[in-house]
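Asker: Okay, here's what each chain looks like letter by letter:
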Amino acid sequence: MSRIARHMTLRRAIVLALALALAGCSQSSPNTSDSSDAADAADSTATDGGDAGDAGAENGDTEATGGTLRVGLASLSDADATDPAEATTPGGYVLAKQLFDTLTEFGPEGTWVGRLAESVTAGDTADVWTVVLRDATWHDGTPVTSDDVIASFKRWFTEDLPPAGSLPFVDPDGIQRVDEKTLTFNLSYPTVVFPEALTSPLMAIVPQDFDPANPIGSGPFTLSSNDPGIRLTFAANPDYWGEGPYVDTLEVISYADGTSETNALSTGQIDLAANIDPTLIDVLAAQSPDSGTFAYPTSGTLTWAMNVEQEPFDDVAVRQALRLAVDRQQIIDQVYNGFGRLGNDYFSPFDPMYSDLPQRERDPEAAKQMLTDAGYELPVHVELTGAPNQPTSDRQNEMIVAQAAEAGFDITFNKVDVATFYGDAYGTYPLSLSYWGYAGIFDQAAMTIIKDAPWNGTKWNDPEFDDLYVEAVQTLDESARQELVEKMQTIEYERGPYIVPIFVDAIIAHSPKVSGMTAYPNTDGPLGYNFNLLRLAA
Amino acid sequence: MSTVHAEHSSASTLRRMARDPRCVAGVLGCIVIVALALIGPAVAPFDPAAFVGPAFSPPSGGVPLGTDHLGRDVLTVTLNGGTAFLAQGIGGAALALAAGLIFGIAAAISARPVRGALAFAMDSMVIVPQILLSLVVIAAFGASPTTLVIAVGLGQTMPTARVIRAAALRVAHEDYYLAALAIGENPVQRVFREILPGIAPTVLVELGVRLTASFVAIASLSFLGFGGGSIEWGRMIHDNQGGLAIQPWATIVPVVLIAVFLLSVHLVRDGAARALAEAMRR
Amino acid sequence: MGARFGQAALWCARRLAIMVGMLLVVATIVFLITQALPGDLPRQILGQAATDAQIARLSEQMGLDRPLIVQYFEWLGGMLRGDLGVSLASGTPVATLMGPRIAATAFMVTVAAAITLPAAFALGIAAARRPGGALDHAISGTVFVIMSMPEFVIAIALVAILATNVFHVLPATAALDPRIPIWDQANLIVLPLIAMVITALPHLTESVKATVREELSSEHVRWARLSGIPERTVLTRYALANVVPPSLQICVQTVGYLIGGTIAIETVFSFPGIGSGLANSVMTRDITSIQSIAVLIAAVLIALYAVADAVGLVFTPRARRPVGGNR
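Chains as they are written, first to last, in the working numbering: chain A, 13 to 550; chain B, 5 to 286; chain C, 313 to 639.
Treat each hint with caution, since some may be false.
Just a few of them, taken from the derived set where beta-carbon distance is under 8 angstroms, the chain A residues facing chain B [stated by the list, open to error]: (1) R167; (2) D294; (3) S405; (4) D429; (5) V482; (6) Q486.
Simulated restraints on C-beta separations [what the hints assert, rightly or not]: (7) A/K166 to C/A615: 32 to 38 angstroms; (8) A/Q322 to C/V332: 47 to 53 angstroms; (9) B/P45 to C/D496: 50 to 56 angstroms; (10) C/R378 to A/A492: 20 to 26 angstroms; (11) B/V47 to C/P430: 46 to 52 angstroms; (12) A/E192 to C/E372: 25 to 31 angstroms; (13) B/R23 to C/Q497: 35 to 41 angstroms; (14) B/L182 to C/H532: 32 to 38 angstroms; (15) C/Q497 to A/R189: 48 to 54 angstroms; (16) B/V47 to C/V502: 40 to 46 angstroms; (17) A/G439 to C/L328: 47 to 53 angstroms; (18) B/L185 to C/S371: 55 to 61 angstroms; (19) C/R378 to A/G387: 39 to 45 angstroms; (20) A/A492 to C/A368: 52 to 58 angstroms.
Rough simulated footprint, nothing fancy, chain B against chain A, three-plus residues with beta-carbon under 8 angstroms [what the hints assert, rightly or not]: (21) 263–276; (22) 447–453; (23) 494–508.
Think of the hints as simulated: they come from the structure by calculation, not from any bench. Computed from a predicted model, the values in this text were never measured in an experiment. Note that beta-carbon positions come from the ideal geometry of N, C-alpha and C, so glycine has one too.
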């Protein structure tokens with residue numbers, strides 16, 4: 013933790029003025045690693061069969077282009093949506109990222125940059141934002157215009173699609189076309205969160221006459237064939253406005269799990285295994301010494317949610333005691349094979365404003381004392397509900413059961429499947445494990461922490477925190493906002509409902525022929541699903 | 005008379021089994037595995053929840069079989085994982101056999117319309133993919149050891165019932181059964197005095213079949229990720245097979261134990277079937 | 313002759329009625345158990361952030377808000393017309409969605425059955441002819457060992473031995489490209505095929521062996537041998553005639569296992585078959601897909617059982633004929 017925290021403190025110097033126009037920023041070759049960003053590069057580990065070590069963000073041989081890149085993914089699903097606004101699965105995200113563009117994205121630095129938008133700039137009060145689009149065309153050759161953007165936003169609200177729920181400050185009637193490439197957003201209330209909130213692949217911009225059955229977008233690839241749950245085939249969009257794609261064809265192939273993905277890579281059936289289990293890295297090295305792995309830290313986290321409406325987590329002492337019971341380093345060592353970073357019970361380590369509070373260390377004796385002082389008889393019984401929503405979920409849940417036993421807790425692990433987990437009982441579990449992250453501090457708060465946040469399974473409701481949040485998102489002044497954020501995160505640290513034990517690394521395994529791997533620390537999915545940056549040697 | 009016949013046959017069957025070296029080997033194998041499962045937790049070198057090294061470390065001094073996917077001692081986990089595995093498998097088989105006996109016998113000796121309806125229902129249920137039944141039970145009630153037993157037992161009830169029914173029907177056509185019917189024995193008496201002794205050989209063989217099928221089904225469901233939270237051998241295979249290339253022991257040890265146990269059950273079952281066949285012939 | 317034809321027609325009609333009845337029962341059971349699944353699909357599709365209004369709207373679109381009985385009869389009506397319905401999870405017809413899986417499984421099962429059934433009969437008869445002989449021991453021993461291992465263990469062992477760790481001769485996974493004919497990707501399916509055959513063999517072999525052995529020690533075979541009929545004729549004419557009908561049932565069971573029971577093998581190889589399709593649909597609560605696949609599998613099995621019965625009937629009269637009688 014301390015490492016990231018220090019890094020983040022340094023980062024504060026490189027403050028990103030939110031009103032700053034980002035013109036050209038993302039164009040400046042996103043896959044070159046900034047040397048001042050040593051921490052990033054140092055934290056990304058790459059191994060190669062030979063000793064030609066990849067750098068953190070490597071450029072590879074720039075000449076290699078063309079060919080068919082086969083990417084293994086665990087797993088595609090029948091439920092993968094071709095409508096980006098309805099993407100909820102990894103396959104849906106893959107489709108959204110290849111076929112479409114969002115206005116903004118979290119770049120390799122972990123901060124937001126323009127994507128389809130050349131610039132996103134605030135007025136004086138953060139309730140009026142101007143978006144200027146870059147010159148891009150749809151797959152059918154017609155230009156992307158302000159009208160398409162307006163139609164996309166209106167579609168979310170009139171059809172009540174999921175993005176509408178994440179954009180409470182957007183008034184669909186307050187979007188005005190200025191010219192073909194420029195539009196202004198008059199928000200319902202001022203917020204600095206606006207550009208960050210548009211980074212999710214769900215917010216991809218689609219043409220006015222969008223048809224999910226024939227998904228035409230502006231993204232780096234077009235969809236050649238779609239066999240739901242089995243395989244997706246894409247063709248390069250030669251007219252893509254941005255970098256790449258360097259390969260002619262992209263195939264995304266579904267595998268049952270990381271093990272068969274690794275096997276497929278070892279026997280040359282795929283060129284890149286999109287997200288492998290940390291423990292499989294050594295397996296791959298043993299099976300297939302030629303292949304390499306590319307790993308980088310992310311803001312993604314498997315976080316325990318403590319429901320404050322359920323006993324015993326209605327008592328802050330119990331919440332704090334359980335936080336003390338968790339041995340974070342042990343989780344990183346045992347479950348993640350060292351490929352993870354310490355968490356400190358608040359989110360978004362790649363946000364420039366991430367606070368540097370003292371790292372919480374494990375102290376089972378103190379935890380027991382806290383429980384006894386609060387009048388509990390040991391052990392305190394807790395039911396933990398978990399689903400295998402990530403390959404490491406079950407293991408992480410088993411860890412807390414074992415660790416908390418030494419701190420006066422008796423945790424029963426109730427294992428359910430993913431559909432049951434997110435079913436009707438969601439939000440009633442006393443203790444559960446969720447997979448989150450890949451968002452800025454404010455977005456994360458809006459989604460999971462503030463009162464009535466859509467994904468707040470903890471029912472936590474802290475007026476002081478909510479007031480600070482509302483004030484902070486409206487504060488344009490950088491240092492004033494920084495202070496408010498620190499207060500917010502201190503509240504989370506002292507009485508919040510989440511145990512954020514670790515932040516996971518993304519791990520990609522690849523054949524020696526693949527180059528162009530780029531870390532996207534604040535974007536879900538391997539390489540942020542930016543497969544357009546990948547090259548394939550003959 | 006039928007009781008005498010059955011008792012005589014089971015005594016001689018046991019004697020025959022005791023003289024059959026393969027059957028004896030099977031019994032010994034079962035005893036060894038069950039003993040290992042029962043004594044295991046007491047003799048394990050570590051706490052089963054203790055983390056003794058990095059995940060998938062190869063065997064070393066204090067850790068003779070290396071570590072598993074979480075860095076626990078494979079030997080300790082193995083010694084602790086037998087009871088749950090055996091209990092679940094036996095539970096599943098017992099459930100399938102008990103339910104199968106009830107349905108099967110009912111379908112053989114009840115009044116004609118009931119008999120027909122039951123037989124028809126059984127033949128239909130057998131057609132429903134078993135894996136669907138199991139998956140739905142697990143999805144509906146969560147993946148606990150109990151639901152696993154129910155899922156596996158339920159999936160096998162109808163196949164068992166059909167076998168029992170066929171055997172019970174044969175008995176129902178035997179002279180001694182018809183005689184019992186003629187002298188006015190009530191259905192309960194008939195079931196316990198005539199049918200059960202008469203189908204005992206089939207039940208014994210079927211128990212063997214269901215035991216192995218249950219263990220295989222539980223191991224498979226565990227492998228597919230539907231296992232319960234407890235440590236057991238089937239789950240060990242699921243959890244550790246990814247590391248086969250670097251730490252094979254974490255997978256091979258439970259595989260060998262399961263295979264030895266199932267092989268032993270097969271040997272006993274086969275021995276029993278042979279002995280019964282011989283006894284019948286006399 | 314006419315009477316016999318009439319009998320046969322009656323038998324067929326009766327058999328057909330039973331088949332349809334069974335299918336209806338199976339369909340009803342499947343429909344009812346899918347209703348027991350917790351968690352609903354609209355919530356799955358819309359994600360955790362969905363509001364109750366969004367979920368209600370989607371439920372309405374999918375027709376999930378209608379009374380159960382209406383849903384049941386609409387689905388049943390569709391099935392009777394051969395319409396598998398529309399997958400709730402993807403919005404595409406189940407036939408389109410599952411088409412590649414059905415084709416892949418059909419191909420694999422056909423090939424696996426074409427290898428397994430004759431092999432099992434050959435091995436079973438060979439082992440039964442000389443009980444206690446070396447061949448019997450070798451076959452029974454192997455059969456026992458294989459039966460003692462869950463199928464995924466065999467699959468994993470095959471991958472480790474032939475693909476990733478010991479020899480590197482075959483691809484480790486079978487993620488077929490649905491756009492290319494399967495026979496053009498034959499190298500991919502070798503390992504799963506071997507795994508399927510190995511796991512399907514023992515049960516049938518054992519049962520053939522047991523039946524043949526029982527038959528060979530039966531009164532009429534003993535009588536035939538005593539009357540000096542050559543052993544080969546005894547075997548083919550007297551024993552096999554009685555072995556085939558009961559074994560046919562086990563053959564269908566074996567095929568049934570190959571169709572729907574090899575999901576663990578499919579998982580090891582990431583093979584896009586119908587078993588994993590069914591499991592995925594349970595996971596996503598795509599109840600139309602679950603119902604349609606389950607009923608489709610059931611229909612195939614019922615048809616196969618009918619064929620087995622018909623074939624068995626052809627054998628039975630001969631088997632019942634007094635031993636030594638004229639043809």
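Asker: Each of the hints needs a verdict: does it hold here or not?
Answerer: Hint check:
{"no.": "1", "hint": "R167", "verdict": "violated, 34 angstroms"}
{"no.": "2", "hint": "D294", "verdict": "holds, 5 angstroms"}
{"no.": "3", "hint": "S405", "verdict": "violated, 11 angstroms"}
{"no.": "4", "hint": "D429", "verdict": "holds, 6 angstroms"}
{"no.": "5", "hint": "V482", "verdict": "violated, 39 angstroms"}
{"no.": "6", "hint": "Q486", "verdict": "violated, 44 angstroms"}
{"no.": "7", "hint": "A/K166 to C/A615: 32 to 38 angstroms", "verdict": "violated, 53 angstroms"}
{"no.": "8", "hint": "A/Q322 to C/V332: 47 to 53 angstroms", "verdict": "holds, 51 angstroms"}
{"no.": "9", "hint": "B/P45 to C/D496: 50 to 56 angstroms", "verdict": "holds, 54 angstroms"}
{"no.": "10", "hint": "C/R378 to A/A492: 20 to 26 angstroms", "verdict": "violated, 55 angstroms"}
{"no.": "11", "hint": "B/V47 to C/P430: 46 to 52 angstroms", "verdict": "holds, 49 angstroms"}
{"no.": "12", "hint": "A/E192 to C/E372: 25 to 31 angstroms", "verdict": "violated, 39 angstroms"}
{"no.": "13", "hint": "B/R23 to C/Q497: 35 to 41 angstroms", "verdict": "violated, 54 angstroms"}
{"no.": "14", "hint": "B/L182 to C/H532: 32 to 38 angstroms", "verdict": "violated, 25 angstroms"}
{"no.": "15", "hint": "C/Q497 to A/R189: 48 to 54 angstroms", "verdict": "holds, 51 angstroms"}
{"no.": "16", "hint": "B/V47 to C/V502: 40 to 46 angstroms", "verdict": "holds, 44 angstroms"}
{"no.": "17", "hint": "A/G439 to C/L328: 47 to 53 angstroms", "verdict": "holds, 52 angstroms"}
{"no.": "18", "hint": "B/L185 to C/S371: 55 to 61 angstroms", "verdict": "holds, 57 angstroms"}
{"no.": "19", "hint": "C/R378 to A/G387: 39 to 45 angstroms", "verdict": "violated, 52 angstroms"}
{"no.": "20", "hint": "A/A492 to C/A368: 52 to 58 angstroms", "verdict": "violated, 43 angstroms"}
{"no.": "21", "hint": "263–276", "verdict": "holds (count 4)"}
{"no.": "22", "hint": "447–453", "verdict": "violated (count 0)"}
{"no.": "23", "hint": "494–508", "verdict": "violated (count 0)"}
In summary, the structure is inconsistent with hints 1, 3, 5, 6, 7, 10, 12, 13, 14, 19, 20, 22, 23 from the numbered list given earlier, while agreeing with the others.
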